[in-house]
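Peer 1: The chain contents come next:
There are 2 protein chains.
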Amino acid sequence: MPKVLLPGGQQKTDDKMRAFAEQVFASDARDENVRDEISMFDIADDCPILHQEQAMHLDRDEDEEKRKKRRQRCRTMGVPMACSTLSSVAPVVDVEVETPTYLEVPDFQRVAIIGDYASGVTMDDFELSCKGLYRAMNIREKYMRLAFQRFPNITSQYLREMEGEPFRPEDQVQPVFTSPPKKGEDPFDVNALPKNLGYVARMKDGVIYVYDDQAAADKGQPRALPCTDYDTFIDDMNFLIALIAQGPTKTYTHRRLKFLMSKFNVHEMLNEMEELKELKNNPHRDFYNCRKVDTHIHAAACMNQKHLLRFIKHSYRVDAERVVRKVDGKDVTLKELFQGLNLHPYDLTVDSLDVHAGRQTFQRFDKFNAKYNPVGASELRDLYMKTENHLDGEYFATIIKEVASDLEDAKYQYAEPRLSIYGCNPSEWTKLSGWFVRHKVFSPQFKWMIQVPRIYDVFKARNFVPHFGKMLENIFLPVFQATIDPHSNPDLSLFLQHVTGFDSVDDESKHSGHMFCTKSPKPEEWDIAKNPSYTYYIYYMYANIAMLNQLRRERGMNTFLFRPHCGEAGAVTHLLAAFMTADNIAHGLNLKKSPVLQYLYFLGQIPVAMSPLSNNSLFLEYAKNPLLEFHKKGLVVSLSTDDPMQFHYTKEPLMEEYAIAAQVFKLSTCDMCEISRSSVLQSALSDEEKTHFLGEHYLKEGPEGNDIRKTNVAQIRMAYRYETLCYELNLIKEGVKAE
Amino acid sequence: MPKVLLPGGQQKTDDKMRAFAEQVFASDARDENVRDEISMFDIADDCPILHQEQAMHLDRDEDEEKRKKRRQRCRTMGVPMACSTLSSVAPVVDVEVETPTYLEVPDFQRVAIIGDYASGVTMDDFELSCKGLYRAMNIREKYMRLAFQRFPNITSQYLREMEGEPFRPEDQVQPVFTSPPKKGEDPFDVNALPKNLGYVARMKDGVIYVYDDQAAADKGQPRALPCTDYDTFIDDMNFLIALIAQGPTKTYTHRRLKFLMSKFNVHEMLNEMEELKELKNNPHRDFYNCRKVDTHIHAAACMNQKHLLRFIKHSYRVDAERVVRKVDGKDVTLKELFQGLNLHPYDLTVDSLDVHAGRQTFQRFDKFNAKYNPVGASELRDLYMKTENHLDGEYFATIIKEVASDLEDAKYQYAEPRLSIYGCNPSEWTKLSGWFVRHKVFSPQFKWMIQVPRIYDVFKARNFVPHFGKMLENIFLPVFQATIDPHSNPDLSLFLQHVTGFDSVDDESKHSGHMFCTKSPKPEEWDIAKNPSYTYYIYYMYANIAMLNQLRRERGMNTFLFRPHCGEAGAVTHLLAAFMTADNIAHGLNLKKSPVLQYLYFLGQIPVAMSPLSNNSLFLEYAKNPLLEFHKKGLVVSLSTDDPMQFHYTKEPLMEEYAIAAQVFKLSTCDMCEISRSSVLQSALSDEEKTHFLGEHYLKEGPEGNDIRKTNVAQIRMAYRYETLCYELNLIKEGVKAE
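These protein sequence lines are chains A and B, in that order. When the letters of the first sequence are read in order and numbered with the numbering used here, they come out as residues -15 to 723. When the letters of the second sequence are read in order and numbered with the numbering used here, they come out as residues -15 to 723.
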């Protein structure tokens, strides 16, 4: 090829140069389209910042000398930044400096804003918004305390500062959960149950009160436990409804949220490699052996479709001749049951089982519910997925124990399955706890929850209950009674030790039309066919749980959290009701629709258990799921499966959930470990377990509360989150003080 | 609440009506935003067609009477449609009627277009395009036959019709793959190897020819095997280059592809429930127990990151004192090796291992390659992921066998891992096959492939090879020699029985700047530093494989497919080269950029092994992956993992790949089973295995070739695909005949 030869060296370089130029030219000419294929960030990969970062951070052999130089350069480059950290506009770092971090936070680049703390709104609007937000946080703090639910220390601290009151750590409350049994301890031991207190529990205006004795009850003189005041609650609620619709506050919170998003993007670009370095240097811990909790899963669908299929086939091989049903007094064997359905289990497939949510369920919650019936046959649902049937729920218990055993094998995964109490009948609790104890459905991997479907209208239509008050009584009275006299119902008392909270479930997009207000009929008066509204349900569940927790705390028993499904669909006011009453929620998609609520959930660090795969089949396409956005802004999100039977394909549904989120949203290891950590914090794992899984200071906020050796979350990330929250709280303080 | 009571019945209805109206009003008022959250299709879920369909199809108890009525109604509704199926514009159905389907295709609603067969372009343009497409298909057919690669029967049939020639099924060729050993048979038995033919193989102009003996070789008189003609190839290529740039053909194919997309969407909307019904009635087979093949995976990254980590830790526990390396003649034990890296395997995590492609690899193939080094240390890559090292590749063999054993447990999954031959040295084959035989790296779940990296420039720069011809000789000559005299290299001969094809690999976005043409230097003359172009590589690989297959067919040996990486990045001409030479390709993303090529890949039903998770980390975000689009249009796509070590999180990478595609693209079960079936067809599983997995008629096209009991693909889908392909081929026939 080379026809004319020029003297060596010179020629060589020229050739190389020319070749390179041609290459660049050719690839430019060729790849006009390449740019629109790029990346979630708006930075080209030849971005100088990125390069510099990488060069600096990937260099494993960088010596101390170089490091020093780098730090000096940073300082000289960032003069105003370095100063600003001490000025009054960003007193955030003060807080951070005061906090002794037990593992030091490595150097990282901070994003500071100089000068404008009203964040671009007028001073009047700023003050108005801050006062509103302050009162909103105060409201939440009050209702959390009342029910022994959680509220962030740091937010309380700022609230006290705004009030000029001292912060008293002893005022902070924590829920109590039963520790797993020690080696050799029997979780079904009834001997340790406490004795009867002789109290009387009775419902009044939809809430159960506790009386010293029958006489006090008749006189209407309940024991002096703090309780929710109905009128105050309505008043607080009306204030919040006005707040979320208030123009200036909407603008202010919208701007703050936008800022939080951008700030995280900058943080990520600047510190991603440093965070990764922390994780790389963290021995023995990675995403796989971080603890994670499936914070939202329904027991009836906690196995995947393939597992259920295998179980049905197996049961038929073993039990074909067993009587599994009585129809009109006649015994029906398993074989006859399948014959009646015109089916042979050998032929059964996941297709004919048809429990997986396909494209047909999108925006159709009704169809989704029908999917709970295998082969469309409610007989099979009864047999395999119910606790009450001719076999006393044996099959269901066995499947659940198989799922638990898979989790025990996986070792690092826990789950919080929901079992149903309908409130249709006062004996439901006895039956459910009987099932639990009889089949010894206990596993250290499971923390149980009770879900209450909001279907009063269905029961009323069939005349199962005379009024809504009866339904509430059926749900709560047995629990009060077992709390007062555990030996009166030992099964239930044992079961309650392992129940960690209540969930409220149903299709939120159904609209009752009722507006909860001071004129709403009391539950005992609610005898119409119409279903009460979401908020009405939530209020009465909360009020009873709060009362119950007061009583149980007095007795030294475990307490219950309120963790409703909320914001999956329907009106944004659902999220407002949960803001006032719930320790944490499941779904929260609709936080997208209200900047004020979204910002309040951020300030209150209210955990949101999200299930993007479930949403993808029901309400919202995967790529549009707000999980990534919420996570970036600093809302506390966890990942959960909701219904593995209906949504997942693999043997490890929770890992599938994480893997897909990681792939679609391009989460870093640090992101994934942060989400895992949040799931443990949000969960009802006991204090003992949390200490073991997250480190002994897990209740502290910020880097101090993080043990990277256990959580694999970078201290830089923890510091970023903490400082960011403090910064936002501090802005509100400034706004409130300004008066 | 009800204050005024009206007489019973009347009141009741009114109340209900009003309640419903209020509900509708309230939900309207509330949910203004709901519409933009909806769905991948542009149909609202209250779409009457959908409802009608579902009502009709979900009714399991529909009796024969009703069915008849329905059919009659369909007929009266669809008059022009029913007629059109027999008219000349859509003679497609003729074909279908002639074909005896061994399982009848259930009724389904067909999409027919009446009247306009030039599909909206002028008659001249239509004819021009059709002629070009005809010649293009003819070119592919020729080169496929020459190399014993596959070409669809139906396309051949239409080509013969256009030529007025009879179609002779005996002209169709098929590749030959080694069947798995029968029970008790030893896959490493050397006694069955055929005897020496005494031929001589020698390279000329980059292609190896076979001569009867030394004398014939010296005289340059090769045996009369059909071979690729260089000038014709270049001529064909230039014709195709012109074709893909030709305006009218671009327009025509673009319109056809758009039509194919819309047609599938309509088909899906109309027949989705019917397809599902077929699957539900199909006993014992579902997506989980359909066979699927991981059609594109690199052996060096076939384990996931967690598996590699576990293996490294295990090896350390067992082998700490073992000598695993020699450095400057000094023995290095495993312990010393890790000490040298300042690491203790106990502390090692997936983070510090750092083999997972993170966000940093996006658009950075160079960084991606670096990820192959665990902990960034090439020593560990050598030790654990290479066949040649101090332990003779023992660790690598063990990991691979563990992966195989996992697949054997999963039972329904197969994989086609690639091992490298570089062409740097003629002894590579002997070493690789020695490793294979010594460690008995055999599993019925694996079909092996050889990947050849396109890195002549690297070898030339280090003076490993004098010219490109030498590289080709190193790659192919040993294979020819082992084919001529198997006993001369028994290890290699055994290994070759299990090799099913060649892959060509490297970063396609690197651009060599060379244009392959008649003036290109022959490989023996290519002694410059510059790398040859993609097409140059492809041509010489193909020419040698074609020749090799001729020889091996003559000897009754298994043949090799050419299955290059193609269209992952870089110029679209890569896809053109593969169109001429490759049985099937991996990636194919760039088919998006050329409608003509995309349409040609459709007409030729050229399988494309896609890896959206790999693309997501390297070249293209998941949601933008064209997989769904290609699948809908009727291109033959399969799903593959590429590099589980770098991209996947779970223990079952192929299932993860399917699960994510199913979730993000909302694939139906039928879609997933169709993709699984394509993966088996595309793969190098033997005729015996394919018969077992797909049914005895698997080589036939259309519903006739599908055994739903084994594949779980609806016959309706098969009929749709077949009729659609015939329709498109028929259009071309019309265009060619029009002259």
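It is worth saying that the hints were derived from the structure and are not from the lab. Note that the coordinates shown come from a computational prediction; the quantities given were computed from them, not determined experimentally. All residues carry an ideal CB built from backbone N, CA and C; glycine is no exception. One thing to keep in mind: the hints can contain errors.
A few chain B residues that don't get close to chain A, going by computed Cβ distances all over 12 angstroms [stated by the list, open to error]:
id : residue
1  : Phe346
2  : Thr634
3  : Glu636
4  : Lys650
5  : Leu651
6  : Thr675
FRET-style restraints, in silico, Cβ to Cβ [as the list claims (entries may be wrong)]:
id : chain 1 : residue 1 : chain 2 : residue 2 : range
7  : B       : Val307    : A       : Arg301    : 49 to 57 angstroms
8  : B       : Asp312    : A       : Asn265    : 40 to 48 angstroms
9  : B       : Gly168    : A       : His676    : 50 to 58 angstroms
10 : A       : Val307    : B       : Val302    : 50 to 58 angstroms
11 : A       : Ala304    : B       : Glu145    : 53 to 61 angstroms
12 : A       : Arg422    : B       : Lys395    : 48 to 56 angstroms
13 : B       : Val302    : A       : Asn265    : 23 to 31 angstroms
14 : A       : Arg301    : B       : Val302    : 39 to 47 angstroms
15 : B       : Lys310    : A       : Arg693    : 30 to 38 angstroms
16 : B       : Lys395    : A       : Arg301    : 14 to 22 angstroms
Peer 1: Run every hint past the structure and note whether it holds.
Peer 2: Hint by hint, here is what the structure shows:
Against chain A, the non-interface label of Phe346/B is violated: not every CB pair exceeds 12 angstroms, the least being about 6 angstroms. For Thr634/B, the shortest C-beta to C-beta distance to chain A comes to about 5 angstroms, within the 12 angstroms cut-off, and the non-interface label is violated. Some Cβ of chain A comes within 12 angstroms of the Cβ of Glu636/B; the nearest lies about 6 angstroms off, and the non-interface call is violated. With a least beta-carbon separation of about 5 angstroms from chain A, Lys650/B fails to lie farther than 12 angstroms from that chain, contradicting its non-interface assignment.
Not every Cβ of chain A is farther than 12 angstroms from the Cβ of Leu651/B; the closest lies at roughly 9 angstroms, contradicting the non-interface assignment. Every CB of chain A is more than 12 angstroms from the CB of Thr675/B (nearest about 22 angstroms), matching its label as outside the interface. Between Val307/B and Arg301/A the CB atoms are about 53 angstroms apart, so this pair conforms to the stated range of 49 to 57 angstroms. Take Asp312/B and Asn265/A: their Cβ atoms lie about 30 angstroms apart, and the range 40 to 48 angstroms is violated.
Checking the proposed 50 to 58 angstroms range against Gly168/B and His676/A shows it holds: the Cβ atoms sit about 53 angstroms from each other. Between Val307/A and Val302/B, the C-beta spacing of about 54 angstroms keeps the proposed range 50 to 58 angstroms intact. Between Ala304/A and Glu145/B the CB atoms are about 57 angstroms apart, so this pair conforms to the stated range of 53 to 61 angstroms. For Arg422/A and Lys395/B, the hinted distance range of 48 to 56 angstroms is not satisfied, since their beta carbons lie about 37 angstroms from each other.
Checked against the hint of 23 to 31 angstroms, the pair Val302/B and Asn265/A passes, with Cβ atoms roughly 27 angstroms apart. At roughly 40 angstroms, the beta carbons of Arg301/A and Val302/B sit within the given window of 39 to 47 angstroms. Range check, Lys310/B to Arg693/A: about 37 angstroms between beta-carbon atoms, so the 30 to 38 angstroms window is met. Separated by about 19 angstroms at the C-beta atoms, Lys395/B and Arg301/A satisfy the suggested range of 14 to 22 angstroms.
In terms of the numbered hints stated before, the structure departs from hints 1, 2, 3, 4, 5, 8, 12, listed from lowest to highest.
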